[in-house]
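Asker: Chain by chain, the residues run as shown.
Protein chains: 2
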Amino acid sequence: MARQKRCRICKREGFIHLRYANLPLCKEHFLSRTRSVVQDTIKKFKMFSKEQKVIVAVSGGKDSMALWHILAQLDYKVEGIHIDLGLREFSMISRKISEEFAETHGLKLHVFSLKEELNYTIEDIVKKSYEKPCSVCGTIKRYMLNRLTYEMGGSVLATGHNLDDESARLMGNILNWEEEYLYRQYPVLPEEEGMVKKVKPVVFLTRKELLKYCEAEQISYVDVSCPHSRGARSLVLLDIMEMIEDKYPATKLRFVKGFYKIREKFAPSKKVELHKCVKCGMLTASNKDLCRFCRIKERMEKNEAIERT
Amino acid sequence: MARQKRCRICKREGFIHLRYANLPLCKEHFLSRTRSVVQDTIKKFKMFSKEQKVIVAVSGGKDSMALWHILAQLDYKVEGIHIDLGLREFSMISRKISEEFAETHGLKLHVFSLKEELNYTIEDIVKKSYEKPCSVCGTIKRYMLNRLTYEMGGSVLATGHNLDDESARLMGNILNWEEEYLYRQYPVLPEEEGMVKKVKPVVFLTRKELLKYCEAEQISYVDVSCPHSRGARSLVLLDIMEMIEDKYPATKLRFVKGFYKIREKFAPSKKVELHKCVKCGMLTASNKDLCRFCRIKERMEKNEAIERT
Numbered sequence: 054m055a056r057q058k059r060c061r062i063c064k065r066e067g068f069i070h071l072r073y074a075n076l077p078l079c080k081e082h083f084l085s086r087t088r089s090v091v092q093d094t095i096k097k098f099k100m101f102s103k104e105q106k107v108i109v110a111v112s113g114g115k116d117s118m119a120l121w122h123i124l125a126q127l128d129y130k131v132e133g134i135h136i137d138l139g140l141r142e143f144s145m146i147s148r149k150i151s152e153e154f155a156e157t158h159g160l161k162l163h164v165f166s167l168k169e170e171l172n173y174t175i176e177d178i179v180k181k182s183y184e185k186p187c188s189v190c191g192t193i194k195r196y197m198l199n200r201l202t203y204e205m206g207g208s209v210l211a212t213g214h215n216l217d218d219e220s221a222r223l224m225g226n227i228l229n230w231e232e233e234y235l236y237r238q239y240p241v242l243p244e245e246e247g248m249v250k251k252v253k254p255v256v257f258l259t260r261k262e263l264l265k266y267c268e269a270e271q272i273s274y275v276d277v278s279c280p281h282s283r284g285a286r287s288l289v290l291l292d293i294m295e296m297i298e299d300k301y302p303a304t305k306l307r308f309v310k311g312f313y314k315i316r317e318k319f320a321p322s323k324k325v326e327l328h329k330c331v332k333c334g335m336l337t338a339s340n341k342d343l344c345r346f347c348r349i350k351e352r353m354e355k356n357e358a359i360e361r362t
Numbered sequence: 054m055a056r057q058k059r060c061r062i063c064k065r066e067g068f069i070h071l072r073y074a075n076l077p078l079c080k081e082h083f084l085s086r087t088r089s090v091v092q093d094t095i096k097k098f099k100m101f102s103k104e105q106k107v108i109v110a111v112s113g114g115k116d117s118m119a120l121w122h123i124l125a126q127l128d129y130k131v132e133g134i135h136i137d138l139g140l141r142e143f144s145m146i147s148r149k150i151s152e153e154f155a156e157t158h159g160l161k162l163h164v165f166s167l168k169e170e171l172n173y174t175i176e177d178i179v180k181k182s183y184e185k186p187c188s189v190c191g192t193i194k195r196y197m198l199n200r201l202t203y204e205m206g207g208s209v210l211a212t213g214h215n216l217d218d219e220s221a222r223l224m225g226n227i228l229n230w231e232e233e234y235l236y237r238q239y240p241v242l243p244e245e246e247g248m249v250k251k252v253k254p255v256v257f258l259t260r261k262e263l264l265k266y267c268e269a270e271q272i273s274y275v276d277v278s279c280p281h282s283r284g285a286r287s288l289v290l291l292d293i294m295e296m297i298e299d300k301y302p303a304t305k306l307r308f309v310k311g312f313y314k315i316r317e318k319f320a321p322s323k324k325v326e327l328h329k330c331v332k333c334g335m336l337t338a339s340n341k342d343l344c345r346f347c348r349i350k351e352r353m354e355k356n357e358a359i360e361r362t
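Taken in sequence, the protein lines are chains A and B.
If you read the first sequence in my numbering, its first letter stands for residue 54, the second for the next number, and so on.
If you read the second sequence in my numbering, its first letter stands for residue 54, the second for the next number, and so on.
Be aware that a few hints might be false.
Because identical chains cannot be distinguished in the list, a pair is counted as satisfied if it fits within a single copy or across any two copies.
[Said to hold, decoys possible] Mimicking EDC-like on lysine to aspartate or glutamate, the simulated pairs with C-alpha atoms at most 16 angstroms apart in a straight line are:
hint, residue 1, residue 2
1, K341, E351
2, K149, E270
3, K332, D342
4, K318, E231
5, K310, E231
6, K180, E360
7, K149, E354
8, K332, E360
9, K318, E233
10, K318, E232
11, K103, D276
12, K332, D177
13, K261, D292
14, K103, E66
15, K310, D137
16, K332, E354
These aren't lab readings, by the way, just hints derived from the structure by calculation.
With the rest of the complex left out, here is chain A (with noise of 0.2 angstroms):
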C-alpha cells in the first residue's frame, strides 16, 4: 500500500484519503468534516431540530454506531433502540456492543427482544418462510422501529444507511424500475398517517468514512456479517458498484445525487390506499385484513408456513 499523503489542510501525516474528492486529511481533519457532512445534510433535508428527540436505530455495526456517536457529538437529543433479533451468537454480541457503548458513552438505549415481543426468533420466522431471509427481517425491523418509535415518544427515526448501501439499493431498483422504491428512497420521508418520519443522516458518507470514523474515535463494533446475508442481492450490487466506483472515483455520490434531484419524477399518480391493520392498530398497505407483521405472527402461532408477499 502507498503511503498516506499528508493532509490537505494541516499537511500533518494522512489518516485517510477521500478518493471520490482527492482529498488526503489527518485524523482530526477527517473527523471534523465528517461530523460536517452529516450536519450539512441533517441541514439540507430538514431532519430534526435539537429540540427533538431523535431515535436512532442500533444494529451494532459500524453505520449505526459512528451515526450514533456523531448525532451525540452534534449535540442532538439521541436516543438508541436495539433490536434483539435472536439470531444466536451474532444477536448476543450485537447486544452487547451497542449496550458498552451506550454506558461508556452515557448514552440511553431501549433493547427489545423479538422473542419477547413476538415470541419467536428471526431464525424460527426464517425456517418457516418462503421469502427470501433479508426481506422477511426488514419487514419485522421496519415495524418495530416505527411503532417502538411512537410508543418511545420520538418524533424521528435515523437509520444508518451509507452511501454504498444507498447506491446498490438504487441500483437494484432502477434495474428493475421499481417506480414505487425508487419514490419512497431519499433521505427524508415525512411523517405520514402511522408512520413516523424517517432519516438517513450518514447517506453521503462511505462505508469506508464510517469505518474509519469508529477506528478514529474507537468505537468497537460488531463486524461479522449476519448469517442469512450470504449470496443475497443487495452484497452483490454492493459489489458492482464497488467496481464502478473504483473505476470511476465518485461516480456513487454524483449517481445518487443526481437521483434525489429528478426523484419526483417518480411521484406515485395516485396515494396508495391504506387502512388499519384488525389486530395491532397500525397503517398499512396490505390487501389483507392483517398488516404484514401480525400475518406472520399469526402464521407461525398456527405453525403455518409464511407466504411469499
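Mind docking chain B on chain A? Use the hints.
Answerer: For chain B alone, kept in the frame of chain A given last:
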C-alpha cells in the same frame, strides 16, 4: 462446456441456448425467432413499412451485417451505407467485408470516404483533438450518416445497436443522470427538422444472438475492435452489464424495456433551439455559428487543435 440442450420446439440438436429466456433452439428455429424479434420490434415502434427506402449504416461488424441481412430477408427495401473512416487496416478490412457482402447478396451499398468528403481521416482528426476518440468519431459519423441518408433519398436510417450496447449506454446515462441523453435513448427517433428518422431494429437482440446469426448464415464480419476503443468507458460498462446479466439473467432486457416505458418522464421541458450552420446549412444545436462537424473541419484546415465540446 456443457452439451447443448435440444431445441425446445422440434427437439433437434441445439444450436444456441438463450439463457435470458431459458430457451434452447436449433439453428432453424433460432433463425426464424431472431427475424421475428426484429419484425415485432419494427411493428411495435412503427419504424418503417415495406414501401419505404431504409438505409442501413453498415460498419462491417456483426451487428450491422446481421441487421442488413435480416431486413433483406424480411423483404424490406434496404440499401447499405458504409463510411470509410481511414483507420488504417481496420477501415480497409471493414470496407472490403461490406462490399463483398453486398456483392454476394445482390444488395446495394454506397461507400463514402471520410478522406474524400472531409479531406482528413479519423486518424488525422484524433491526433489533433482533445476530445476522446469515440466522441469525435461519433459526431462525425452521426453527421455524415444523417446528411448522406437525406442525399440518397432514404426516409429512415437503421443502425445495428444491440441490447448489450443499449443497456451499457443506458447505464452510463443513468449513472450521470444525463436527462437529455436519456430522453433520446429510444428505438425510434422521429424525423425532425434536418434530422432523418432513426431506428434500432435489433435493439432487443443480444450481441451473442447477432454473432450466432452471422455464424448460422455464414456472414463474414470484422471481428477486431477499433484501434482507438481500448479503455473506452463504453467497454467498461459493457463488462459491468455482462456481470449483472451473468448473475441475474434477463436483467438487460428488463432494464432496457422498463426504461422505454418510463422514458417520457425525461422529456425536456423546453425544445432545444436549433439553427442552420452557416457553412453546410444543416441544423445544429451548437452555440456557435458553425455546426460541430464544420467546426472540426475548419480547425483541421487551420491546423488548430479541436477543443472539447
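Asker: At most 16 angstroms between alpha carbons: which applies to K318 and E231, within, between, both or neither?
Answerer: both (13 angstroms within a copy, 14 angstroms between copies)
Asker: Please work out whether the CA atoms of K261 and D292 approach to 16 angstroms or closer within one copy, between two copies, in both situations, or in neither?
Answerer: For K261 and D292, only the intra-copy Cα distance (14 angstroms) is at most 16 angstroms; the inter-copy one is 25 angstroms.
Asker: Quick one: K341 to E351, C-alpha cut-off 16 angstroms, is that within a copy, between copies, both, or neither?
Answerer: For K341 and E351, only the intra-copy Cα distance (13 angstroms) is at most 16 angstroms; the inter-copy one is 70 angstroms.
Asker: Which holds for K310 with E231 at a C-alpha limit of 16 angstroms: within a copy, between copies, both or neither?
Answerer: Answer is between: at 13 angstroms across copies they meet the 16 angstroms cutoff, but 18 angstroms inside does not.
Asker: Give the relationship of K332 and D342 under a CA distance limit of 16 angstroms: within one copy only, between copies only, both, or neither.
Answerer: Close inside one copy (8 angstroms), not across copies (71 angstroms); limit 16 angstroms.
Asker: Cα distance capped at 16 angstroms. Does K310 pair with D137 within a copy, between copies, both, or neither?
Answerer: neither (33 angstroms within a copy, 42 angstroms between copies)
Asker: One pair to classify: K332 and E354, alpha carbons no more than 16 angstroms apart. Within, between, both, or neither?
Answerer: within (14 angstroms within a copy, 80 angstroms between copies)
Asker: Taking 16 angstroms as the upper bound on the Cα-Cα distance, should K180 and E360 be classified as within, between, both, or neither?
Answerer: Answer is within: at 12 angstroms inside a copy they meet the 16 angstroms cutoff, but 63 angstroms across does not.
Asker: Within a copy, between copies, both or neither: which one fits K332 and D177 at a CA-CA cutoff of 16 angstroms?
Answerer: neither (22 angstroms within a copy, 76 angstroms between copies)
Asker: Given identical chains, is K149 near E270, meaning Cα to Cα at most 16 angstroms, within a copy, between copies, both, or neither?
Answerer: Result: close neither inside a copy nor across copies, 19 angstroms intra and 67 angstroms inter.
Asker: Given a CA cutoff of 16 angstroms, do K332 and E360 count as a within-copy pair, a between-copy pair, both, or neither?
Answerer: neither (19 angstroms within a copy, 68 angstroms between copies)
Asker: Given a CA cutoff of 16 angstroms, do K318 and E232 count as a within-copy pair, a between-copy pair, both, or neither?
Answerer: both (9 angstroms within a copy, 12 angstroms between copies)
This entry does not satisfy hints 2, 7, 8, 11, 12, 14 and 15, going by the numbered hints stated previously.
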